[in-house]
Amino acid sequence: MVHLSLPTPDGFPLSVDCFTPPAPSQIKASCVIINATGVQARFYHDFARYLSQHDIAVLTFDYRFSGTSLPQAVLNQLKQAGDDEVKRDDIFHAALVSCPEKWGLMSHWTQQDLGTVVRYAQEQWRGKPMTLLGNSLGGHLATLLDEEILFPSSSSSTDTAPVRILNVCGGNAYWQNNPRPEEARFAFDELVVKPLETDRVFRASALGLGYDLPYGVGRDWLAWFYHPLFSLQAKKDEENARRVAKRCERYLYVGFEDDESISKNMMLLHLGLLDLSGNNVHSLWVDPPKAKPEAWPKCGHVTSFQLQRKKGEQEAEEHEASGAEGYQAAEEDEDEDNNDNNEGSSSSKPPPSHLSREETVFILYRDYILHGDIWKSAGEFRQWHPDDERDRHQIRRDEDERRRKLRAEGKRATGDFAEDEEHEGTAKARL
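Per full-length UniProt numbering, residue 1 is the first one in the sequence shown, and the count goes up by one each step.
FYI, nobody ran anything at the bench for these hints, they're computed from the structure. The structure displayed is predicted, hence computed values, not measured ones. Keep in mind that the hints are not guaranteed to be accurate.
[What the hints assert, rightly or not] Okay, derived cross-link-like pairs now, DSS-like style, lysine-lysine, Cα gap no bigger than 30 Å in a straight line: (1) K194 with K28; (2) K194 with K102; (3) K102 with K236; (4) K28 with K292; (5) K411 with K194.
[To be verified] Computed beta-carbon distance windows for the label pairs: (6) D89 with T198: 33 to 39 Å; (7) S5 with S377: 39 to 45 Å; (8) R247 with R180: 35 to 41 Å.
Don't be surprised by glycine CBs; every beta carbon is placed ideally from N, CA and C.
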């Protein structure tokens, strides 16, 4: 592993780690891992090492003001604090409060930070297939990155290489998609929204969403949570995501029945918002104990990226960094699309009886990144078509009308953060 400090367009020192095979000639593909909410890059390092041992160059990174992507002065303070957890928590909290509030989820975490890492991958491994592997939040950011960054018009034909997206557990987490929506909304209102305005910090940890986040990022995230289009609630972002999904060589959503945060219904509601006219969008829903041809271990919301624990050791539930019960939604039965065109090499077939993650879900991810292969027999596979698209225009009109009525009554809809005058300009900025 090589640690890098990459300057973003606005000059922020982004913490990036690079995992590569021993020899450059071994590199057959590249992968950018995009973190879940509140999850640090180091969580994915074992998985990144695994990929690098199989001819894949991998980049992990921490968004600004998370993990180790902090101003140097803050990093120095943390080093001086040593193992004093109380002091380290105080330093980190002070850093979050000092983060400019205009630095948002879209304007900075996506366009600046993720954009910097993607550009670096494009420059380092020209002509190699690149996969944006997004876990939860990261699955949304992969399609929200500006189209021009992913598919630069200045690229020559020799630089052109397939761009794939692998969305792991990044479904539509709108509050009403929960089986107990009022309980979910109350929890967010009381534990996150109110402290956001009083403490100026997004208390993600209060709901089990990993580490706390800066104010601007939290405000954008909550605007998603309170809108039925979730991450596509801004028209410009919706249009960009639809174009990106269509232009990718392949888009694959992988979800798990034992995920306590994102249900199959949330997956369906999100994918139905993308542009499906290219017939390149696929989904694979896996029930680990019932996976074919042999049962898999726990995968959950983020656990599928962890090395298998040795026998007798406790399973890693404590690392379910995005396991807020406010995300859990009711299951809906859907017809399977049993597409018999099993493309790809024989390596895409599941192994006969292996139960560890390294021999099941790790290989599923690896084969997709290397070849675009999909283990269609591992679970409920579906290829999406244009007639699967939801009426996003009507969804938006209905939500706009609901909010207009609330304003007419002198009320403010929870999550209307993007309508603050100062934030409106920031949210629309594309740096």
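**Message:** Verify the CB-CB distance for D89 and T198 against the hinted window 33 to 39 Å.
**Reply:** About 18 Å separates the Cβ atoms of D89 and T198, which means 33 to 39 Å is violated.
**Message:** So if I understand the rule, the pair passes when the alpha-carbon distance is 30 Å or less; does K411 with K194 pass?
**Reply:** Answer holds: K411 to K194 is near 16 Å, not above 30 Å.
**Request:** Given the hint that K194 pairs with K28, test it: the Cα-Cα distance must not exceed 30 Å.
**Result:** 48 Å, violated
**Message:** With the threshold set at 30 Å, check whether the alpha-carbon distance from K28 to K292 stays at or below it.
**Reply:** 28 Å, holds
**Message:** Does K236 sit within 30 Å of K102, going by the straight-line distance between their CA atoms?
**Reply:** 18 Å, holds
**Message:** Against the 30 Å threshold, does the CA-CA distance of K194 and K102 hold or violate the hint?
**Reply:** The hint holds at about 19 Å.
**Hint check for S377 and S5 - Cβ pair distance inside 39 to 45 Å** = Holds: the Cβ-Cβ distance is about 43 Å, inside 39 to 45 Å.
**Message:** Does the beta carbon distance between R247 and R180 stay inside 35 to 41 Å, or does it fall outside?
**Reply:** 38 Å, holds
The structure does not agree with the numbered hints 1, 6 stated previously, though it agrees with the rest.
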